[in-house]
Every structure is written in C-alpha cells, then in structure tokens.
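Work out the full structure, taking the sequences as your base and the hints as a guide.
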Amino acid sequence: MITQEDCASCTDERDAGAAFCENCGKALATGAGLAIGKDCPSCGAAGVVGDDGYCGNCGMLAARPRDHVEADAGPVAAAVTDRGLRHHRNEDALWLATRGADVDVVVCDGVSASFDPDIASETAAEATGKVLALAAAELAESIGAAIVASASAVAVLATTGDPRRAASNPACTIVAACVRGTEIGYGWVGDSRAYWVPADGTAVQLTEDDSWAIHAISLGVDPQAAWNDPKAHAITAWMGADAGPVAPRTGTFFAETPGHLVLCSDGLWNYLTEPAAFAGTVRAAVRDTDDLLGAARSLVDFANAAGGSDNITVALVPLNTPDS
Amino acid sequence: MPYTAEAFQNEFLALGATEVNAIVTVASSGAEGGRRTAGATEIIIVDCSGSMMAEGRMGAARQAAKAAVNCIDDGVRFAIIAGVSTAQQLFPAPGELAVATPETRAQAVTAIDRLQANGGTAIGAWLKLAGQLFAQRPGDIAHAILLTDGENGEYQGYLESVLQGIAGSFTCDCRGVGTNWTVSELRKVATAMLGTVDIVARPQGLTAAFEQMMTAAMGKTSADVQLKVWTPVNSTVRFVKQVEPQVADLTGKRVADGPRAGRYPLGSWGSESRDYHVCIDVTAGAAGDEMLAARVSVVEGDEVHAQTLVRAVWTEDSALSTRINRQVAHYTGQAELADAIQEGIEARKAGDDRTATLKFGRAAQLAHESGNKATEELLATVVDIEDAATGTVRLRRKVDAADEMALDTRSTKTVRVGRAQ
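Quick mapping for you: the protein sequence lines, in order, are chains A and B. Here the first sequence is numbered in this note's numbering, starting from 1 and rising by one per residue. Here the second sequence is numbered in this note's numbering, starting from 325 and rising by one per residue.
A few of these clues could be false.
To be verified - No more than 20 Å apart at the CA atoms, straight line, and that leaves these computed lysine to any residue pairs for SDA-like: (1) Lys-552(B) <-> Gly-56(A); (2) Lys-231(A) <-> Ala-643(B); (3) Lys-231(A) <-> Glu-640(B); (4) Lys-565(B) <-> Ala-516(B); (5) Lys-552(B) <-> Gly-50(A); (6) Lys-697(B) <-> Thr-714(B).
Read the hints as simulated data drawn from the structure, not as lab findings.
What follows is the structure, given as structure tokens:
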C-alpha cells in the first residue's frame, strides 16, 4: 500500500503518495516483493514463492506487482487500480501526485489486443505525470502537451524490448487532469473518462470517448443500438506507434459547488454507463466510507462485484469540501 | 558467461487447455572469448572393410583422413582407428593418444598411408575402442568422425548395447560413402552420440566433408552443455527436441535432477545458436491464472549460464489464445517435414506407393511453405513436384539411390523462421 512513503530509490520529499516516485519515476511499491518466500496462495505449500514470484511447487504466479496498487493522499486525493477478476494482469496504470491542494492525476488503460499493453500504460502515465508536475497555469494546454510528449514515449516502445512488439505495438488510452484551486484542466485520448460528480445535482461527463459507439451516435445511429453493437467499445484514438499523430482533446472546468473529480478506466464505467447511476454510486461510496481511499476501494469492489470483467482504475479528488 | 536463452511462445491458453509449447533459442558467443574451457580429443575412425576398395574409396578416405588431421589444433589429443572386423588403432601406439604438433600430425599422415581395405564392418567394436580412448581424458571436448561404406556386420543388438554404454561420453559425426550403407543404422549412432549423419555419394567429396567436420569440432569451446528443465508439480515434459539446425529428439535422454527437474545433454558447444522445442503438459488453470510451466536453463555442471521462463496464462479472450506463435508453428512444421520424408521413404521401400505419395506430397508442401529450399530440392530428386502449394507430387519411376539417401539423411535439416523465404 502506498501511504505517503518516501521513495526507496531516491530521497525526494513529497507532500503525498504517488504510484510512482515523482522524482525518479520508479514504482513506489510492488505487490510481488511482498510474496517472495511466502506460502503459495494457490497450492498452500509453505515458503515456496521464488524470487520471480512463481510458486516453487505448483508454478502458479503468487502475485504481480500491479495486481492491486493504491495511492493515498489523505483528504486531497486517492486512487486505486486493480486487476479485476477476469484479466490475467493489470494493464491499467495510474499516476497521482499532490502538492498542498494541487493534484495531478493520470489514468491509462492498456489496449489488450496489443503486445505489452501494461508497459504502454505504465509508460504513458509516468511520462505524462512527470511533465504535469511542472504545470502552473494554462492547465488544459499543459495537459495536451504532456499527453503528446508521452505519446512519443509510448510509440518508441514498438522498437525496443521484445521484438514481438513490432508486430502489435504497445498501446493505451489516457485521461489526465490537473486540479489547481477550483480549476480542473483535463485531457484524454481513448475511452478512459473524467467526471465531475457534484454533491447534489447532475453529474457531468467531462470527456467524450474516442470510441466506435460515440462516433456512430454522432453520425445518427440510435444510441441503444450503437452501445449494443459488438464494436461499441472499439476505440478510435489511442497512444502507440500505429496511432499516427496523437491529438488529445482537452478542456477546463471550474467547480463552483462541492463535489468530486473522478477519473476512471472502462473497468468501472462499463457497469455505470448512465451518468446518474455513476454519480449515485460515487456518492454512496463517499458517504458510506470513512475516507477517500476507502471510497476508491469501495468503487473497485463495486466493479468486481458486478463481474470484474476488466481492469479497474478509479481516482477521486474532492473540490470545495471543508477538507480540501 | 556469453550464453543467452530466450523463449518464444504464445503464453495465452484457452480455458481447459493443458499443452504449453515454446521455442527456446540458446546462443553463445563461445566460452572465454572463443578459447576452449577444457582440453579436446579427436578420434578419426575409417572403415577399412574390403568394399572400400571399390570406386577408389580407400584412396579418397586416406586423403580425407590426412586433411582432417591437418585441421587439428596444436595441443589437442588425437588418435586414428582403422575399422575392420575388429577395431585396430592405427595411430599412435595402441591405447595411447597423441598430442597434436606439426611432428605428430606428420607421423599420423604417414601412418594413414598404411590403411588398407581388408576386412569386415564392426561399427560397435570401433566405437567401443574410441570410447575407451576418450575415457582417458574425462572432461575433454570429445569428438569422433566415423566413416563407413557398408552395413554393420556385428550380431544384432551389439551396436545398440555399445551405444548405451558410451552415449554421452563423446559426440560422433557419421558419414556414409557410396550407397551400400544403411541410413537408419548410422542415424542411430548419430542420434545416440549427439552428432550428425550425412551421405558422401562420391569418394571425391570425402576430403571436403572431413575438413568441414574437423573445423566445426575445433570451434567447440565447451565440452558438456545441458538444458535443464524445471516443471511444477503435476506437470510433465512431453518432449524436448532440438529443432535447429536439425531435428533431434532429446526427450529420452533426460537425466533426473531432483524431483521436478531433468537435464538434457546438448553436447559440446561453440560460438553458435540452436533452437529447442519444449512441450509441457500442465493442469488447466482458471481464467486469469498465470503459471510458470517450465524454467529452462543452460547449464554446465553446477553453473547456470542462462535461463528463460515458459509461462502459461489462461484467458477467456480467444483473440489472445488463438494467436499462433510463428516460431512454434514453424518448427512444428519442420519436425513434421522430417517425419513425412522418413515415412515416405519407408512406404516407398515397402511398395506402398499411395502412402509414399501422400507423405512426400505433405513434405513438399511443408518445405515450400517454410522456405526450406534445400529440402525442397532434395525432394524434387525423388518425386516430381507438380504443385508444392497443394502438395501434389508424383513418384518417380527411377530414383538414384544416392539421391534418396541424401533426402533421408538431410530430412532433419531445418531452416530458421523467416530465413530463405
């Protein structure tokens, strides 16, 4: 669990926890490290999990570092990413960094059909997060530039590492947001989303998916039919070597009432396609838990209870609340 | 160490699937910067049976043996065995090994002139003597060249019993000159001794063949490299095959190393790369489970030179589980190609033209698809290939015995993925 720890690899002092160290970019905590030498959760053999994370008896992987990662910035922000129930690994990645009440948050979702999508999402989240840490003003523009810069880092992956990447290059979606006071700058490529969920009233989906369904609906196809189409979730824009020039869409939102900025991957919103249902579930999660991290965990639990058919990532940033 | 091991596979399995396949490429830039890490011993065995008098074979064999002797590096131990009804050591004195120097090589060349064709063929006895000589130098890179022109004259089962006793103690490259020898017999020796087998149809080709074998042997820098395969409980190794540069099934050569691992001998190793197909039977996992199906390492004694992992990941996503891994598919085809050719030749000999046509047709198709031009050309000497793409072939009425034997011995030669396409 990541709770305001210092990075083990360098001595950067930060105000709050992040999934990656803001200074050196190294992952702050890994789940597999905890499993080495422990009992195997699959066959129960004692003390057999090897250095590579596999059981020395039954061969099952005991834990992957990214199966479940949490980032806790107390009352300022919280984020959780989880493997879900059906996918063999977590291809989502998140970045959360805070300084005072300022928040940078990034959620990426690897494209499963590509090779090493988990590397793509990790690369994109980290690269974007590192650039955003410098942003002071003109948030939307900064986010757009950061996404374009990280898209190059993702595209380069196709020609490095495993040669199979060349045939099916690593790819991912991204949604990023910066919170400075009551101003929210955001940008995205693909179908990972940002919502403004006010304490009362109608939720606002800030992003519009780059997906086949949205594209078809904009061309006049009946929304119900579009969303029921097998191609509905096929994304029409992504980051990766085969994506061509990446043109992130960006926006700015001023929060005038108390509420939460929510960033999430489709592992959550797939179970809550209606904004009203989404808002209701988020409000219930915040209401029924003691803190932000608990609320984020509860949203992940909700998606897993609904089937957990995809990786799940959710980030919560409260605005205009007494705590923030 | 300069070894690398890399696994190529589609680790994604459909739910319920229990077979895990991977191609493991083992490469080495040669131990210690190309210097040998052990001593080396070479033994040349020349068939001196009466039939060697024909077609000037004896003269060509003498010349080839001399050429091979001249390829032996200074300091390498060596001996020459004259193969008749018994094994006779021609050089140096019986029971001894010479140390290669300009002087000893010259003495050996003089001795080779005394080789006379006069006697029978006793391959088991020849190999047994070679084994006794090699036993003086445990740990050496031990290599023999065996030349014969006829069928083994020993009683049934003797050669097999000798091979059982000496397997693993040296590698042996076998060459048959002319067409009166039996491919399956020499293949048996080559397979047991981790060596190669080939035909030298005309005696004039012997010198080049001997030089090539000896030069390759001098390039070996490590004596006894092994592939160690660890598998989890309730999993078994279905097979381990070398698939490049030629097909050789190593499954039966497994030596247990603890309860869950086995070692497969790879023989001596130089600056080279070879591919292995590893197939593991595992128990099926649930969706999302990831299992280490095998940990494959390249070892020499207790030293692990390189290691790679063969994984199994069960998924409901058929887009992932139906992905064909090019390496696995390619080498599965190359192994099938070798089998199809050998079965085709057997069927033709048995007079079963229907089966022979089917097998050769499949072979032509596989050779064509995989870009194995050399094998396709050899096939074309035995059958008329009407359409390689569909595997339509017609048996030839008259086939040169040498052509058919060349096809048989070289049926196991493979090509790399994407090479010569």
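Return the numbers of the hints above that this structure violates; sort them in rising order. Going through the list in order, the structure violates no hint and respects every one.
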